[in-house]
Structures are given as structure tokens and as C-alpha cells.
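Just so we're aligned, residue 93 is where the first sequence starts under the working numbering, counting upward by one.
FYI, nobody ran anything at the bench for these hints, they're computed from the structure.
The reader is advised that the hints may include incorrect statements.
[Claimed, not checked] Computed list of lysine to aspartate or glutamate pairs in EDC-like fashion (alpha-carbon distance at most 16 Å, straight line):
hint, residue 1, residue 2
1, K163, E287
2, K642, D566
3, K408, E512
4, K441, E512
5, K516, D487
6, K642, E476
7, K441, D414
8, K441, E522
9, K363, D583
10, K441, E525
All values derive from a computational prediction rather than experimental measurement.
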Amino acid sequence: MLNTGPSNFIQEIISQDLLKGKHKTVVTRFPPEPNGYLHIGHAKSICLNFGLAEKFGGRCHLRFDDTNPRKEDPEFVRSIIEDVRWLGYDWGEHLYYASDYFSRFYNFALQLIEQGRAYVCSLNPEEIRRFRGTLTEPGKNSLYRERGIEENLELFEGMKRGLFQEGQHVLRAKIDMASPNINMRDPVIYRIMKEDHHRTGDTWCIYPTYDYAHCLSDSLENITHSLCSLEFEDHRPLYDWFLEQLNVECHPRQIEFARLNLNYTVMSKRKLSMLVQKNHVQGWDDPRMPTLSGLRRRGYTPRSIRKFCDLIGVAKSENIVDMSLLEYCIREDLNKIAPRVMGVLNPLKVVITNYPPEHSEALEAVNNPEDESMGTRLVPFSRELFIEREDFREDPPKKYFRLAPGREVRLRYAYFITCEKVIKDEKTGEILEVHCSYDPQTRGGSAPDGRKVKGTLHWVSSRHARKAAVRIYDRLFLRPNPAQDEKKGLDFSEALNPESLKEMRDCQVEPGLEKAGIGDRFQFERLGYFCLDPESEPGRPVFNRIVSLKDTWAKIEKKMQSESGS
RNA sequence: UGGGGCGUAGCCAAGCGGUAAGGCAACGGGUUUUGGUCCCGUCAUUCGAGGGUUCGAAUCCUUCCGCCCCAGCCA
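With the hints as extra help, turn the sequences into a complete structure.
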């Protein structure tokens, strides 16, 4: 076994099973239903299942749990395959569909009927519900529970042949209507559904339910450890029951773990799809979505997501992980690999009054101080520049060490400049431009006399700059746990953050960015990490902000404001 | 008031009878041509609460409390 990554209780169980010789190898599976897009909660399961298989030198299957044609769609199959691959996992030959086993499931059902362990029930859905009892009262036996084997066989055959209407009959396991575990009260295992299936077409008009199909799929694939989320804990006795009754050779062990929740977002397919349908976001791959396609478009790397899944751990307690951990993971990854570049989001014009008007020069800038092998580039400098509007204050607060009247700062990789004059709109008072002088001795950014400046600003030469649009994303929800709102009877979408997307259209970026390709990631110095969005067009780049850099100044300023305000 | 789970710091999470790992966040300091990175330091006398066993308990026993899941022909 590879000795990498943190351990968890599931890994320990597997180690024990291997040690005891219960298995020679480990076989896990990731079993999505193709009824929606994958999100970062699925990533936890994917990393767990594939990761465990990898650690123990076993294998992990990708299996589509497609037993309900009403909800499923090949488009989701496509996207799921894409997303799992993108995350970095490979199932080799082991791509399966529960629907491939439909005939075998059917034969197993025949076997159950013959054993007297399954029967065709002709109660209607409402009656079935009533007969089931409640959490505190036992259920009552169905009127059809004691039907003869021959009759059951005949009716089930009829169900399969389409002789009946939907809802007219179901096949049920005959277990115990008085069980304290409601799942054991004669669960439905086949229902009539006159629906075309994305893979089997109109071959079937009866479809197996999850509880029945899942354990058998696992068994047929020789899965050793079947990992699922906590809400299936109550289903485990059923999982085991089917496999025992049918006396299969392979009886996988189901182990449950807690699904992932992230604060300030939602993590259920239903809620995510509602956001899409109600146009709160622009699609499943909207960069604000916690879907894998959304994170990918936002600019998250697969490695950062895998790292995140490593850090959150695997346990059985309900959890809501802090978004800041995800942000930490992407910053850590991008810090090492993203080329640095300069871009000004909210431009303010600076004129270097003592710099020759027609002149320009190329200054050398480091591409990544964390990785010397990424080399350097030349950035053009001239008399008129753009700096960030936020980097100038006419009346600077304490601890502000950027540009202000009379102040000297460094332009990164360029010169020291001193602010001499502020040009304002007479009517509005808006600052139009700032006039500065530069010290030619400080070319490159350091002074021969050894004098220091406190601030270093990013900049872009106005003559050489390229225009760009930048999309700034914030958390989707205002409240940390929107899913909870719904349980309190509120509409979870009520807590949506109206400012989750802000588009800045007049950004100016250094000319080298012209060559950026869709999906390329950069650090805009002092601002954050950005990724070129697919909606970019030649000459009209659109950058998504993946995540900001940590901003100590913002923190200080906020603190000062709250201190003076209170 | 049935059954199944879970409770260790603001958020995750180790811990498996020998005296509370680690990460994120937060806070303080150092380095720095990114207020970034990096480095150093601080952050649980206590593990939901009480009682018991023990030389010794987050770990064992017991009572209580809180939270989550289950009454789809969804998964």
C-alpha cells in the first residue's frame, strides 16, 4: 500500500479486511445516477473511491446507476464522464451501467418469487403507503402478500410484457411489515414504468428500484467495499438481505460516510438545478456554481480539488466545511504554477511628467518568483500609464502606503514615482488623472542610494495596454447554510447574494495577455488569480477571477473602519 | 413516543485505557520589488452533560441532553 495521504476509518476497515485475507484486492465503484451534473460533493466520493483503489492497488469502476429512465439523460452521462476524467481518474475498462444488468436482475427476481420471497402486490400507491404503517406503528400485510408462486410468476411476466398500467402492480420483497426499520417493510423492487430508457430503449416497461439494483450491481461487479452516504445506513439491512436470499458469491460490504457540505452554497442536485432553471445563474457551468463544470470554468485546477478532498477528511459526522479551505487549496496550487502578469481592473491615468513623451522602453519582469524556470518577460513602459484607482488616495488613511500627494512609491519592475499633482473634474470632483515624476536612477525598481519605499503598485502602459473584461465572483448566498432555510420553510433562493457576479468592462491588461488561450490561468499581481473564460473573443478577452490574493490591507482597513464607526 | 446515526476549538479532523495530532480560519512577529508567497509564534487544563469503573478515562460502563436521517412505485 502506498503510504500517502491521510487515513480514515474506511481505509482502516479495508486494511483489516486485506490483513485478514478476506480479499486479495480492493474493488470500489463510483455510482452516479445520470440525472444531473456532478458537484464538489461528488468529488469527495470520487476521490475516496478512486483514491482508495489506487492506494491499495485495486480498481474502481464508474457505474451509472440508471434505473429510473424518467429522470435520466445521456447528456448527464456525457458530462459525468468528462468531469471524472477531468478530476484525474481513470476507470480503464470498467465503465458499467446498471441497465446492462436488467436481464440478470429480472432473473434474480424470478428466483425470489420462486423462493417465496417476493410477490406481486396490487395495492395502489396510496394503499401501499397506508399499509406501511408509520415510524411508531407497524405496518399491515398487503392483501396480496400470500399470492401463490405461480400466480406471482404469471403476473410478473405480465408486468414485464406491458399488460398492465403503471401503478397497477409492483413486485415487492416479502420481508417483515412489522420491522422497526421501514425499509424492511416489504419494499418495492420493481415498478411498471412505460418510459424509454436512454440505453435500453423500449425493451423494458418494468424497472428495478435502487435498493434492489444497487446491491446486485455491486455483487455482479465483484465490488469489495461499497461506499455510500449516511442516509443509506438504514438501507444496509436490505442490501444484505437481497444478497443473502439470492445466495450470490460476492457480498460487498456497504460502508457509509458523511457527504460534504460547503458553507455559502448548496449541494443538492435539486437545488442546483433550481438555480439553473430560475436563471439565478447562467447554467450548470456558471463559475459561481459548486459543480465540477462550474469550478472548472471558474479556473479551479483538478489538483486543487483533489487536495481539498484530502484535507476535509472522511468521517461520519455531519459537516459544513469552510469555503476558505477550498480557496486555500486553489491559491496554494496556483501560487506555484500561475504566471504573474499585470492588469488594472479599475484604471486611473498616471502621467509621468518628466518622462519623454514619445519614448517607451521594455522592462524585465519575473514570470513567477516561486519558479525560476518560468523565466522573465518584457513589459512596455511609457509616459502615460494606468494604475489601480484604489492605489491612490488624495487623503490617505493611516497605514495606507500606496500613492498619495507627495508620496513616493514603486511601480513594479519599473521606477519610483512621486505624486505631484491631482487633476480633478471641477464639477464632480472626480479624480481624472494623477501627475507624477519619476526617478530615472530607479529603473528596474530599486534605488542606487538605497532608499526604500513602502508601496509597490502594478501598472500598465496606456499606449500598449489591451482592454479586457473581468468577472468578479463572490459567494452565491448571503447566509452560510442556505439549505437549512428550506427546512425552516423558507425559500432557500431568498438568501442569494445579489452581488455574486460583478463584471468590470474597462480593465487594462499588459499586451502579452493577447496570446492567452481559453482556460489559461494567471496571477494578476496583487489582485488574484484569473482564468480566460470561453466567452472571450479575439480582441475581447474575458477573465474570471478564480480567487483573490489574501488581502491584508483590506483586513486592516475594515478593522479601522469598524473601530472608528463603533 | 419506533429504528438508524452523530456530538473533540470558529470550520474540518486525529485519537482505539497512559495524560488532547494536523489543516483551514483568526491573532502577533520576521523576510519580501506582489500589503502575495515563505518563516516563526499564539490559539482545547479539556473532548455535549452528570454519575460510575480504574493508579490513570476523550477512550470502558451508565443515565441524561442536543443534532441528523427514515413512512417515494427517487437515488
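Going through the hints against the structure:
no. : hint          : verdict
1   : K163 <-> E287 : holds (10 Å)
2   : K642 <-> D566 : holds (14 Å)
3   : K408 <-> E512 : violated (63 Å)
4   : K441 <-> E512 : holds (14 Å)
5   : K516 <-> D487 : holds (14 Å)
6   : K642 <-> E476 : violated (29 Å)
7   : K441 <-> D414 : violated (39 Å)
8   : K441 <-> E522 : holds (12 Å)
9   : K363 <-> D583 : holds (10 Å)
10  : K441 <-> E525 : holds (5 Å)
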